[in-house]
Amino acid sequence: MNSSPDTMTRTAIDQLEGYSMNAGRSDSAATRGHHVSAVVPAVRPVVTATSSSRLEQTVKFQTKSLDFFYGDNQVLFNVSLDVPEKSVTALIGPSGCGKSTFLRTLNRMNDIIEGTRHTGDVLLEGTDVYAPQIDVVLLRKRVGMVFQKSTPFPKSIFDNVAYGPRVAGLKNRLRLAGIVEESLKRAALWDEVKDRLNKSAMALSGGQQQRLCIARTLATNPDVILMDEPASALDPASTARVEDLIFELKQNYTIVIVTHNMQQAARVSQQTAFFFQGELVETGDTRRLFTNPTQKQTEDYITGRFG
Amino acid sequence: MSSASTSSMPLASTGASLCRTLSVQRLKEGLIRTGLFACAGVSILTTFGIVAVLFSNAVYDLSPASTSVNGQVQHNAAFFQQVSIREFVTETRWTPQFSEKHFGILPLVCGTLLVSGIAALIGIPIGLCSAIYLSEYSSPRIRAIIKPVLEVLAGIPTVVYGYFALVFVTPYVLRPFFHDLLGFDVSLFNAASAGIVVGVMIIPMISSLSEDVLRSVPRSLREAAYALGSTRFDVSTRVVVPAALSGIIASFLLAIARAMGETMAVTIAAGQMANVTANPFHSVATMTSYIVNVSLGDTEIGSIEEKSIYAVGLTLFLITLSMNIVSQFVLRRFREVYQ
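Residue numbers (this note's numbering), protein chains in the order written: chain A, 1 to 307; chain B, 1 to 339.
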C-alpha cells in the first residue's frame with residue numbers, strides 16, 4: 001500500500017523551528033525572506049531539468065499512519081504517503097473519500113474547524129507540523145493553498161496579491177510592487193491585468209480569479225502549494241491555462257493537487273494517490289497507476305466502474 | 001381528437017379539468033391573504049398617521065376649522081405658519097416656555113448631537129469589538145453565554161438606564177474622576193452621563209447587527225486568508241471587517257439613529273438646559289427631552305409651545321429617517337460585494 005521510502009532530506013535545517021525561535025513575531029524572519037526575493041527577482045532558484053528518476057528525488061512531505069477525525073467521525077484511516085519534492089502529486093478518489101481532508105492536514109487548515117483531531121505524524125522535511133512548538137502561521141506561509149472556488153478578497157488586484165507579504169510585515173511600496181509583478185507573471189496573469197492593478201479583483205473572470213489566487217499564494221514565497229480541485233469550477237480553456245501553469249510551477253515548487261478529473265491527474269502529475277473511504281488504496285508513478293494498477297478498487301475507479 | 005393539431009401526433013387527454021372552481025379551499029386562501037395584508041398594513045397606516053399629525057401641527061394645518069384669515073393667524077395654526085423656517089434654523093436660543101420666546105432649534109440639535117456623539121464614542125468601539133469577538137474569536141460555548149447577556153442588556157427599560165446615569169454614573173464615575181481629579185465642573189445633570197448610558201444601550205444593537213454581517217462573510221474568504229499565513233487578528237481586521245464594512249457602517253448609523261431618538265434616559269440624566277455647548281459636563285436639553293418636558297407640563301393645547309414639540313418631532317423624524325435611508329443604501333451596496 002505504501003510507496004517505497006525515498007531518501008529524506010535529513011540534512012535540511014529545521015526551518016520551521018528556527019523561525020519560531022526568532023523573537024519579535026514573524027516580521028523579522030518574513031521580511032528577511034523578502035529582502036532576498038527583492039534582490040534576486042526570481043522568487044525561487046530555477047531548476048533547469050526536472051529529475052525523472054524517483055531515486056534522485058527527496059521527500060518533502062511525509063505522513064505516517066495518519067488518522068483524522070471530525071468529532072467522532074473518522075475520515076482518514078492510517079494514511080502513510082510520501083510527497084516527493086518539486087513534482088506534482090495528484091490525489092484522486094470519489095467524493096467524500098477524504099482526499100481534501102488529507103490535503104488540509106498538510107497545512108493544518110483543519111485546525112480552523114471545531115472538534116477535529118488526528119493521530120499519526122505529518123512531517124515537512126522531517127519536522128512534525130503538529131508539534132507544539134510549530135507556529136502554524138509560518139507553516140502556512142511555506143505551504144500555500146489554492147481552493148476549488150476562487151476566493152479573491154473584495155479588494156484591488158494589487159492588494160490581493162500583496163496581502164501575504166503585507167501580513168508578513170512588508171510595508172515598502174516598491175518592494176511590494178516587485179513581488180506583485182513577479183507573482184502575477186509566474187501565474188501567467190500579468191499581461192492581462194497589468195493596466196488595471198488598482199481595479200477590483202471581483203471584476204475578473206473565473207479563470208483569471210483562480211490564477212489571481214495562485215499568484216496570491218506565490219507571493220507568500222512558499223515551498224509547497226496545495227491545490228484543492230483548482231480547475232473544477234473553470235471552463236475548458238481556463239482549465240488548460242491552469243494546468244499549463246501547474247506544469248510550469250512544478251520546476252520550483254512541490255505541488256499536491258486534489259482532482260476529480262482523472263485526465264487532469266494523468267496530465268499534470270508525476271505521482272498519483274488513490275483514496276477510497278478514508279484509506280489510501282494505492283499510490284505510485286502516475287503513468288504506472290493509470291496503465292497498470294495493482295489494486296482492484298483502483299482499476300474499478302479509473303475505468304469508471306464506480307465513483 | 002387530433003383533428004385541430006397541425007402535427008401528426010395525437011393530443012393526450014386524461015380528462016382532468018384545469019378550470020377554476022369556487023371552493024372552500026380557495027375561499028380560505030383568500031381570507032388568509034387578506035388577513036396577512038391587513039397586519040402588514042397596520043404599520044404602514046401608523047407611519048402615515050404619524051407623518052400626517054406631525055405635518056398638520058408643524059407645517060400646515062390641515063384641519064378645516066383653522067385657516068389664516070386676512071393675515072390674522074388663528075389660534076391653532078401650525079408651527080411654521082407662526083414661526084419662520086429661517087428663525088427656526090438660524091436662531092441660537094430656544095425659549096418657547098419663557099415670556100420672551102425664541103425658536104431656534106440649534107441648542108436642541110446641539111444637545112442631541114452631543115449626547116448621541118458620546119453614546120457613539122462609547123457604543124461603537126465596544127459594540128464592534130464584541131461583534132468581532134463573537135464572530136471570529138469565541139468558541140460556541142462562550143458565545144452561547146455572551147449573546148443572551150447582551151440581549152438582556154437590550155431588554156433593560158430605558159428609565160432604569162436614566163436613573164443609573166443619575167445616581168451612579170455621575171456621582172461615582174464622572175465626579176470622582178473628572179471633578180476631584182481633573183477639576184472639571186460636573187453638573188448633577190450632564191450630557192456625559194446620559195451619553196454613556198445611551199452608549200451602553202446601543203452596544204447590543206451594534207454587536208448583534210455587526211455580528212450578523214461579519215458571519216455572513218463567506219468562510220472561503222477566511223480560509224484563503226488563513227492559508228496565506230494570517231493570524232486570527234489579520235483575518236479579522238484585514239479581510240472580514242473590510243468585506244463587511246458597509247454592513248457594519250449601516251449598523252452604526254442605525255444605532256446612532258436609535259441614540260438620537262432615545263428619550264427617557266436622556267430626559268432623566270441630561271437635564272433641561274437648552275444650551276449651545278460642547279461641554280459634556282453641562283446640562284443640555286435634547287430634542288426628545290424637550291418633547292417629554294412640554295408634553296408632561298401644563299401646556300395649553302393649541303398654544304405655540306404645544307405646536308413647537310411637533311416642529312421638534314418633525315426635525316428629529318427627518319434626521320433619523322435620513323439616517324435610516326442612508327444605512328439602507330449602504331446595506332444594499334454591501335450585498336453586491338462578493339457576488
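Because the hints were derived from the structure by calculation, they are not lab data. Note that the structure is predicted; figures quoted are calculated from it, not measured. A couple of the hints might just be wrong.
To be verified - Here are the computed lysine to any residue pairs in the SDA-like style, where the Cα-Cα straight-line distance is at most 25 Å:
#, chain 1, residue 1, chain 2, residue 2
1, A, Lys171, B, Val330
2, A, Lys199, B, Tyr137
3, A, Lys155, B, Leu314
4, A, Lys171, B, Ser216
5, A, Lys296, A, Gln263
6, A, Lys199, A, Phe247
7, A, Lys199, B, Val330
8, A, Lys199, B, Leu318
9, A, Lys149, B, Ile249
10, A, Lys155, B, Tyr137
11, A, Lys155, B, Pro242
12, A, Lys155, B, Leu31
13, A, Lys185, B, Asn275
14, A, Lys149, B, Ser56
15, A, Lys171, B, Val241
Against the structure, the hints come out as follows:
no., hint, verdict
1, Lys171(A) with Val330(B), "31 Å, violated"
2, Lys199(A) with Tyr137(B), "32 Å, violated"
3, Lys155(A) with Leu314(B), "41 Å, violated"
4, Lys171(A) with Ser216(B), "30 Å, violated"
5, Lys296(A) with Gln263(A), "19 Å, holds"
6, Lys199(A) with Phe247(A), "29 Å, violated"
7, Lys199(A) with Val330(B), "21 Å, holds"
8, Lys199(A) with Leu318(B), "37 Å, violated"
9, Lys149(A) with Ile249(B), "28 Å, violated"
10, Lys155(A) with Tyr137(B), "23 Å, holds"
11, Lys155(A) with Pro242(B), "9 Å, holds"
12, Lys155(A) with Leu31(B), "50 Å, violated"
13, Lys185(A) with Asn275(B), "64 Å, violated"
14, Lys149(A) with Ser56(B), "57 Å, violated"
15, Lys171(A) with Val241(B), "21 Å, holds"
The structure shown violates the earlier hints numbered 1, 2, 3, 4, 6, 8, 9, 12, 13, 14.
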